[in-house]
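Participant: One-letter residues, chain by chain:
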Amino acid sequence: MKQQSKKMFDPSTIPDDYCPIATDFFDMQVGDWRAKRPVVLRSKCVKCGTCWAFCPTQCIIEKPKWFEANLKICKGCGICAQECPNHAITMVEEQEE
Amino acid sequence: MPKTIVCDGNEAAAWGACLAKPDMVSVYPITPQSSLAEHLTEFIAEGKLSADLMDVEGEHSVLSVLQGACLAGARTFTATCGQGLAFMFEPYFRTPNLRLPIVMAIVTRDGITPQTVWGGQQDAMTVKEAGWIQMYAETNQEILDTIIMAYRVAEHPDVMLPVNVCFDGTYLSYGIEAVSVPDQEVIDEFLGEKNVNWHVALDPERPMAVDPLTGGGSGKGTSMFVRYRKGHCKAMQRALEVIEEVHTEYGEKVGRFYGPLIEEYRMEDADYAIMTIGSMTGAGREAVDIARGEGKRVGLLKVKTFRPFPVEAIHRSLAKVKALGVVDRSVNYGWGTGPLYQEVLAATYFLEQRIPVISFIGGLSGSDLTVENHFRKVVEVTERACQGEVSRQTIWLNEDDDKGEG
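Here the protein sequences line up with chains A and B, keeping their order. Going by our numbering, the final residue of the first sequence carries number 97, and the count climbs one at a time with no gaps. Going by our numbering, the final residue of the second sequence carries number 1406, and the count climbs one at a time with no gaps.
Because the hints were derived from the structure by calculation, they are not lab data. All values reported here derive from a predicted model rather than from experimental measurement. Careful: at least some of the hints might be erroneous.
[What the hints assert, rightly or not] Partial list, derived from the structure: chain B residues whose beta carbon lies under 10 Å from chain A: (1) Val1210; (2) Leu1213; (3) Lys1220; (4) Met1224; (5) Gly1231; (6) Lys1296; (7) Ala1347; (8) Phe1350; (9) Leu1351.
[As the list claims (entries may be wrong)] Each pair of labels, with its calculated beta carbon distance range: (10) A/Arg42 with B/Arg1227: 19 to 27 Å; (11) A/Asp27 with B/Glu1042: 48 to 56 Å; (12) B/Glu1252 with A/Pro56: 55 to 63 Å; (13) B/Trp1335 with A/Leu71: 33 to 41 Å; (14) B/Ile1112 with A/Val39: 31 to 39 Å; (15) B/Leu1202 with A/Cys48: 34 to 42 Å; (16) A/Ile14 with B/Gly1251: 26 to 34 Å; (17) A/Glu62 with B/Pro1212: 53 to 61 Å.
Backbone N, C-alpha and C fix where the C-beta goes; we use that ideal spot for every residue, glycine too.
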């Protein structure tokens, strides 16, 4: 889901050369600049939650039998793959769509 | 009725802040500012000042919490100096660009190293390009009055910039004088209703992102960056007018008038002048009086507003004289002169008639600038420059203090 471009505050009442403020949502997601994506091998995942605890962007979401990253938010840092005690996560190169 | 108290500069500053009724105060003690922090906390404890006091672990947090407070609509006050100001530099550097009208006293202290806890304006001069308005006080009375006026300048809708009220550590911070404390009602009326976050706010009713990334290689971002820089410069220039207006209005209400940008002393028929900044001006005035008694046509220019630099006012004053001696209480390492001297020198470029300007540096690390041992020399050397004997050497006034006399 792309964030809608919606005004938060009408800035037209104040000078535009005072303090920098932003009143439009920016529709870029942090996931947009990921170079590698984490891929969870479901057969190995024991749902221990280590990836969930370590993820700096808190993008790990819970599925019925495994955890995986929300790729809109995941920056591909690879910390989850590094920390997974069962080696259930591998980092895979992103391809041009 | 205004009451007269006897106090040092730090207490005078605390009284000025108290009368301006800030909503939030945060201070971290550092010599020679510490008793200012103590007076403020005492005023709050006694109920004289109804402000939230933020007790934080250092100057970086001091200014950071005040930024938050200001963004939420509070009038704010703090004070620091020297190494404390150095530690505060990161939030200090961004306060003016956020256009937050915070008022902060700098109880000026010389730069370390060598280790020093004494007065000198090296700290304030070092941060002169960060975009704050900087005014220097000569007396304890002027400290109190200028802190109050600083809020009017800072919060003026055309300005919206933070203001430093600088005053000499040791000399003024600990020097005791009689000070008249104006009535609260008069100051309330003078300051009016505060409105500090109409342009940028942390406010759920007006959601906005404060200070997003602006710039980049080209296009919209870079133009926006330039627009903010130009807006800041425009506000600084407008501040020169506002500072004058505010001084006039304060004088009319309270009865005390100061030269808002440059104050002239005995300049009417002067052939040459000396220029001072801060508390040394007292000795400078006396030296001028003595020289006048000896028939010398010398005047004095006191710089009150250093940032923005009052080029036009300096031009008006310098058009009257044929030579100028500038006394700095700090060092410009890049030029081996005083920083005020360097600014004045740049301003003289636009004068119709180029005049000789001499750089004097004195009063470093708490050293006295006396009438007899130091200002007499300033007058004499400037007089010789007026007669054509121009020295391009910086003159260090306290260099020979160890040779007796003092």
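Participant: Tell me the hint numbers this structure goes against, listed in increasing order.
Facilitator: Going through the list in order, the structure violates hints 3, 6, 7, 8, 9, 10, 13, 14 and 17 and respects the others.
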